[in-house]
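Line by line, the protein sequences are chains A and B.
So the first sequence is residues 1 to 179, counted in the numbering used here.
So the second sequence is residues 1 to 406, counted in the numbering used here.
Each hint should be verified, as a subset may be incorrect.
To be verified - Some chain B residues near chain A, calculated using beta-carbon distances under 10 Å:
#: 1; residue: T21
#: 2; residue: R39
#: 3; residue: L42
#: 4; residue: V43
#: 5; residue: E47
#: 6; residue: I56
#: 7; residue: K100
#: 8; residue: G103
#: 9; residue: V128
#: 10; residue: T132
#: 11; residue: Y251
#: 12; residue: P342
#: 13; residue: G359
#: 14; residue: P360
#: 15; residue: R364
Stated by the list, open to error - With a cut-off of at most 20 Å between alpha-carbon atoms, the simulated DMTMM-like pairs for lysine to aspartate or glutamate come out as follows:
#: 16; chain 1: B; residue 1: K152; chain 2: B; residue 2: D281
#: 17; chain 1: B; residue 1: K285; chain 2: B; residue 2: D193
#: 18; chain 1: B; residue 1: K361; chain 2: A; residue 2: E86
#: 19; chain 1: B; residue 1: K361; chain 2: A; residue 2: D149
#: 20; chain 1: A; residue 1: K166; chain 2: B; residue 2: D281
#: 21; chain 1: B; residue 1: K51; chain 2: A; residue 2: D149
Derived from the structure by calculation, the hints contain no laboratory data.
All C-beta atoms, glycine included, are put in the ideal place defined by N, C-alpha and C.
Now for the letters of each chain:
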Amino acid sequence: MDIEREKEIAAGARRAASYPVPPADLVNALRSEQGAWVSEVVEAFGEVTLVVPRSSIVAICTHLKSAPGFEFDMLSDVSGVDRGPEEEPRFEVNYHLFSTKRYHRLRLKVLLNQEDVHVQSVVGVWRTANWHERETFDLMGVVFDGHPDLRRILLPDDWQGHALRKDFPLRGYEPYSLT
Amino acid sequence: MSISTRNLTPPFEVVDRPLDTQMTISFGPQHPSTHGVLRLELVLDGEMVVKCVPDIGYLHTGMEKLFEYKKYQQGIVITDRMDYLNPLGNNLGYCMAVEKLLGLEIPERAQIIRVMMCELQRIGSHLVWLGTHALDLGAMTVFFYCFRQREKIMNLIEAASGERMTPSYFRIGGLMMDLPAGFERRMRSFTEDFPRAVAEFHDLLTGNRIFQRRTQGIGIISAEDAVDWGLTGPSLRGSGVALDIRRVNPYSGYETYDFDVPVEQGGDVWSRYLVRMREMDESNKIIRQALERLRPGPTKADAPKVVLPEREAMKTHMDALIHHFLIVAEGFNVPAGEVYQPIEGSKGELGVYIKSDGGPKPARVHVRGPSFVNLSALPVMCEGEMIADVVAVIGSIDIVLGEIDR
């Protein structure tokens, strides 16, 4: 192996693990054209997060799925975050978008208040959202309006409460019997 | 003397049942072909599956909740138990997410060993898939051939980490320890023997007409459907989409390795089978390249407040002892923020989302398990097939229930 090749390999091994994000001018254009869709753009750790008002999540997802330059045709992940019972807004729902054509990623974030933990379902945009949203509903208690089949998925149907909320104790309230 | 049967009434009542009656059966959770504790509700019309509803959660252990109560370095142990056939891949995804938050730079030798061990684990995971998939379809011999090879992989992983199934070999900032003496020689002899083993599997199955008839044209999913349902990994590449996270979002220096991304166009069980078979050869190729590149050097990042010091340093240096005590007793603070780190696990895109609030414990850890998403597309592949083919389809998407239920 020659020295140049070795240097190249060493540089590759040292490079921080990060993935491409959509071009900044496209994101800014989207923000200026559709002011109601994006309330904040956060760039940190090489990742881009768009904070989206709750009412426009389906609209922006539908747009990003096919808009030239974005083409986010795959939804990688949906997850909920509980910031703690005293925080307001208390809940976050994170959508991790991925493009199988441009290979870049984007995170959409919806903030939800404690009294009204509802957000529109994006199953109509990507069908893979079905199970992700069921999981988020089951463990975090976020209700996805318009979901075709919003049932618990991991915990039993008669389970009380939502286990990943911060005020749910680690060991539960009482021993659960499966029989 | 003959007995006349003419006047005997049959002991059962003959009912003129309409032929189109549908029947609902519960498939699993104890069925061996469900690879764990998966339960399916199948609505059958004769032998044909009309509707398939997966029912999961039998193995739910609340791992994501548990992460929030453990320090960052303790979380690695939990990741081993998720996809228990690919624990090193899980270790890597979790460690890389934390390292991204910390901004750690991993030494070259550690990166190369990580790549090498991950590819070894990928072969091991594919071997379990191949053995059980063939077993489901009635080919018992393949199972023993696969597990004989997997035993060698297990021994190698045990030699490096001390554990067979739950290695926790990758730590935040590098590796648990360097490779033991003689490891490279054993690894090299494995990579030299392994292509012959793959040729044996091909001899046993690929030309086998029974196996072909059981897999070709079964469980078809189109490329558009596969992307829409979020399929990743070999299951997606079997539908003709050349997507590999190692190639498109490279990490750990994968962009410097020379390997192919196998793609098949059929979208059926047979295509997914061929993709995984060829992936084993590609992984073997990567291991060989990694072995060529191994040079002596550090295997832990230079970050004394995060990485545990060497035992010798603790005996001679006061500050090393203090750092060791603080890391073990209090943990280390991770800058506030959130990251999502995708890697190519053996089953698809393994994404780890970590949200930190600045303390020594994560505020939220979410794992995007590839098996979870791939299983959600099972009804698309199963409906309209025969019930006997359901086990073939389940085998072909290579699920691990530990990761689905978490």
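Okay, the hints, checked on the actual structure:
{"no.": "1", "hint": "T21", "verdict": "25 Å, violated"}
{"no.": "2", "hint": "R39", "verdict": "12 Å, violated"}
{"no.": "3", "hint": "L42", "verdict": "17 Å, violated"}
{"no.": "4", "hint": "V43", "verdict": "15 Å, violated"}
{"no.": "5", "hint": "E47", "verdict": "26 Å, violated"}
{"no.": "6", "hint": "I56", "verdict": "7 Å, holds"}
{"no.": "7", "hint": "K100", "verdict": "6 Å, holds"}
{"no.": "8", "hint": "G103", "verdict": "8 Å, holds"}
{"no.": "9", "hint": "V128", "verdict": "24 Å, violated"}
{"no.": "10", "hint": "T132", "verdict": "23 Å, violated"}
{"no.": "11", "hint": "Y251", "verdict": "4 Å, holds"}
{"no.": "12", "hint": "P342", "verdict": "7 Å, holds"}
{"no.": "13", "hint": "G359", "verdict": "12 Å, violated"}
{"no.": "14", "hint": "P360", "verdict": "17 Å, violated"}
{"no.": "15", "hint": "R364", "verdict": "5 Å, holds"}
{"no.": "16", "hint": "B:K152 with B:D281", "verdict": "16 Å, holds"}
{"no.": "17", "hint": "B:K285 with B:D193", "verdict": "12 Å, holds"}
{"no.": "18", "hint": "B:K361 with A:E86", "verdict": "19 Å, holds"}
{"no.": "19", "hint": "B:K361 with A:D149", "verdict": "34 Å, violated"}
{"no.": "20", "hint": "A:K166 with B:D281", "verdict": "46 Å, violated"}
{"no.": "21", "hint": "B:K51 with A:D149", "verdict": "15 Å, holds"}
Comparing the model with each numbered hint stated earlier shows that hints 1, 2, 3, 4, 5, 9, 10, 13, 14, 19, 20 do not hold.
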